[in-house]
Amino acid sequence: MRRRNFLALAPAGLAMAATPKRGRVVTDSCGCAFQTQTGPLGMEAFADVPSGLKITGMKVFGVSLTPTSDRPYVFVKLETNQGIVGWGEGTLEGKAAAVMACVNDFRDFLIGADPMQVEHIWQSMYVHSFYRAGPVIGSAISGIDQALWDIRGKALGMPVYKLLGGPFDPRGVRGYYHLDGANRDQLIQLRQTAREQGITCFKGGIPGYYEWIERRPKIDRAIKALQLLRESLGPDIDIAVDFHAKTSPSVASIIVKEVEPLNLLFIEEPCPPENVPAMAKIARRSTTPIATGERLIAAYGCRELIEMGVVDILQTDINHTGGITALWKIAAAANVSSISMAPHACEGPIGGLATIHVDAAMPNFLVQEVCGLARLTDTDRVWQEWLGFPAMRMVDGRFPLSEKPGLGFEMSEASLAKYPFGGTRPMARVFHEDGSVAEW
Amino acid sequence: MSHLTLQRRARLRAGFVPQVAAAARPDPLGITEIRLFPVREPVSGIRYSLLKVTTRSGVTGWGECGYDPNWDVKALQSSWIGRPANAYATIAPSTPCGAALDMASLDILGKTAKAPVYRILGGPTRTKVRAYSSPYSRQFPVAVIDVPTPESRNQGKAYQNRIADLVNAVPADVDFVLAGNGRLSPGDAASVAATVEAKHPLWFDEPCSPSNIEALRKVSGETVVPLGFGSGIEDPGVFQTLLREGLVDLVRPDIGIFGISGVRRVAALAEPYYVAVAPRHSGGPIGTAAAIQLAASMPNFFIQHVPLPADERDRAMRREIVSPALENGKSGFLEVTNSPGLGITVNEAAVEKYHAS
Chain A
1 MRRRNFLALA
11 PAGLAMAATP
21 KRGRVVTDSC
31 GCAFQTQTGP
41 LGMEAFADVP
51 SGLKITGMKV
61 FGVSLTPTSD
71 RPYVFVKLET
81 NQGIVGWGEG
91 TLEGKAAAVM
101 ACVNDFRDFL
111 IGADPMQVEH
121 IWQSMYVHSF
131 YRAGPVIGSA
141 ISGIDQALWD
151 IRGKALGMPV
161 YKLLGGPFDP
171 RGVRGYYHLD
181 GANRDQLIQL
191 RQTAREQGIT
201 CFKGGIPGYY
211 EWIERRPKID
221 RAIKALQLLR
231 ESLGPDIDIA
241 VDFHAKTSPS
251 VASIIVKEVE
261 PLNLLFIEEP
271 CPPENVPAMA
281 KIARRSTTPI
291 ATGERLIAAY
301 GCRELIEMGV
311 VDILQTDINH
321 TGGITALWKI
331 AAAANVSSIS
341 MAPHACEGPI
351 GGLATIHVDA
361 AMPNFLVQEV
371 CGLARLTDTD
381 RVWQEWLGFP
391 AMRMVDGRFP
401 LSEKPGLGFE
411 MSEASLAKYP
421 FGGTRPMARV
431 FHEDGSVAEW
Chain B
1 MSHLTLQRRA
11 RLRAGFVPQV
21 AAAARPDPLG
31 ITEIRLFPVR
41 EPVSGIRYSL
51 LKVTTRSGVT
61 GWGECGYDPN
71 WDVKALQSSW
81 IGRPANAYAT
91 IAPSTPCGAA
101 LDMASLDILG
111 KTAKAPVYRI
121 LGGPTRTKVR
131 AYSSPYSRQF
141 PVAVIDVPTP
151 ESRNQGKAYQ
161 NRIADLVNAV
171 PADVDFVLAG
181 NGRLSPGDAA
191 SVAATVEAKH
201 PLWFDEPCSP
211 SNIEALRKVS
221 GETVVPLGFG
231 SGIEDPGVFQ
241 TLLREGLVDL
251 VRPDIGIFGI
261 SGVRRVAALA
271 EPYYVAVAPR
281 HSGGPIGTAA
291 AIQLAASMPN
301 FFIQHVPLPA
311 DERDRAMRRE
321 IVSPALENGK
331 SGFLEVTNSP
341 GLGITVNEAA
351 VEKYHAS
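Here the protein sequences come in this chain order: A and B. For the first sequence, the numbering used here assigns the number 1 to the initial residue and increments by one for each residue that follows. For the second sequence, the numbering used here assigns the number 1 to the initial residue and increments by one for each residue that follows.
Mixed in with the good hints, there may be bad ones.
Said to hold, decoys possible - Quick list of in silico lysine-lysine cross-link-like pairs, DSS-like style, CA-CA up to 25 Å:
1) A/LYS162 / A/LYS77
2) A/LYS224 / B/LYS199
3) B/LYS218 / A/LYS257
Stated by the list, open to error - Just the calculated beta-carbon pair ranges, DEER-fashion:
4) A/ALA101 / B/GLY237: 42 to 48 Å
5) B/GLU245 / A/PHE389: 49 to 55 Å
6) B/ARG183 / A/ASN183: 44 to 50 Å
No lab work stands behind these hints, which were simulated from the structure alone. Virtual Cβ for every residue (Gly too), placed ideally from N, Cα, C.
Hey, can you work out the whole structure from these sequences and the hints?
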């Protein structure tokens, strides 16, 4: 009986603790009590160390390159009292409207705040979101964070990679395009293109969708597809292969072992990202480097992978993981475990340009993804139109660094207006032969 | 588990109040009768137990569990007659023939709602059910290779060659399962796995007993052949250990032990490890009907074993007991139907005919 009494008392104790001591109390239908808060809290504590800059406005743009795009870009623009503006990107594939709403939810954290205090504002957005950050909050923080770094670089008159202490290599950061070739002839042609352009690396994928245990025709087909890549592209080009978490640890382990002789640069997401020991099961049975992390948020989300030294390469995405602030910290932590960085970036040009700055200042940088192709696409042309230069196009296999302050570009709202927000569109939904849900 | 942990959990349990409230009026789904029919296939001699549950409203449900001459039917009856047949989640793990009670309970629930069991459980998650049988049947193009134990210790290459011959006899377009039947030593199991690895077997079933974790670590660490376990496992905690240690690629809870909802709970446990489920089934056609409902309610189902007796007289018995005949596959798959409950009609006279205590 005594024990039951103990439990019965617990709710009363909690209610007492929640009663605020001062401030206006709002009680909603759940009986929870809150102290109302307006404006960027805590700013008065920094009144004696002002930078003179204040955020005066925030705009969020949904930008659809095509009316049915599954990844409308989510751009954030922050305006300041001194005319400096900053741009950032929080594109989240398949969930554009949610991120746009979430960015707006952070308005009270920003208007009136000092944009130079990036680290302080990041902490407030992450910690004071209470539930911490999943992909929606993470992408919203990413967009805001990039814009804050852009402002700070412009205010201090230097590119962001210099604020971060780089560059390691003034020639730029090494990158790879996605493979663009369905058969041997096209791949051999691509090898020639790579020679001409100085491209040193490509990334491909495996065909089809996989159940968690798989039949041998499918496994054989995947192995043959990867063998074809090496045969056609030759021994000198680095080949990365994205499994895209289509495979379970069980199926991935089989394919990974069979393709060891192909000497791949890395295999990406051989299984889904939620279970670190499952990923470890693949990595410890393979000599091929394993990469993962594009879906992980902040260093908190990568901590277990890093401390266990499970994978060889981390791929956190500057548009989801929490922006520049989160990406450099993840790189720093990964470096302690001798883990390399190959950041993912498959969204718009702002995140792409931002990630180059962080790459340039990483001691453990390996290679930068861009979801473009060796040949120019319509997307490349739109980005050029927006920014006035060929953003995310490599020169001699590297993304060049800019000397301009901040993230190194100017963009007009008017140029975006040509591509109005087409609404959130779902990402691909694929199914197995029996109609059950498949990973893609 | 530490002493303090046990103490904390005991304290929480002490706070639980039994949730059974006296029914205000007679529950139409109150159980009025429970009958258990052990049956035996005439030629193979394989035994399993069929359970019939009757409710006040007249709706009846059928289930199946493994055969055990010591099933305490009286204990089952005394604890369940009068209780609501639909409350399948409240069946205690120790209930005699609990797997059959679970199936019967879901059968009744489905018939009451005029819906297949998979709909009660939030399915269908698929439109057809991949299946394999032993002995091999052309309707299911998956071969099961029974792995022989070596005739003596340290046979080395000769033993590996013997295994390779068995695997090479399987046509390249037919998938195969290696059945170790839990008889191999860890060293022999690892040797067999290494021999067949490049042939990509679907999985290696029961390469050795799962009781020795370090032995499994050896097999799993040396090769990438997927491993399947489930034979004789009655405690979900064993599956949890195998999953946590990364030593299983296919969990195989027995539908005759766990019932539909028990297998489903193990499947839920396996999901966050990206581990698929292939329920074991060594019983009769009611079990097959339940397995189809189960497969159509799980996201991570891979394949269902169907016991197809070799002798026509045994197959006739299965057809007599249950209609329609669900065990006929097409291109390796069983059909998912839209009939209520387990989707079958049980012929009680036929059950009586094969009744063998």
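Hints, one by one, checked against the model:
About 22 Å separates the Cα atoms of A/LYS162 and A/LYS77, which keeps this hinted pair within 25 Å; it holds. For a cut-off of 25 Å, the pair hint linking A/LYS224 to B/LYS199 stands: about 14 Å separates their Cα positions. Distance check on the hinted pair: B/LYS218 and A/LYS257 sit about 17 Å apart at the alpha-carbon level, within 25 Å; holds. The hinted range of 42 to 48 Å is satisfied by A/ALA101 and B/GLY237, whose Cβ atoms lie roughly 43 Å apart.
Judged by the Cβ atoms, the range 49 to 55 Å given for B/GLU245 and A/PHE389 holds: they are separated by roughly 53 Å. In this structure the supplied range 44 to 50 Å holds for B/ARG183 paired with A/ASN183, their Cβ-Cβ distance being about 48 Å.
In this structure, every one of the numbered hints holds.
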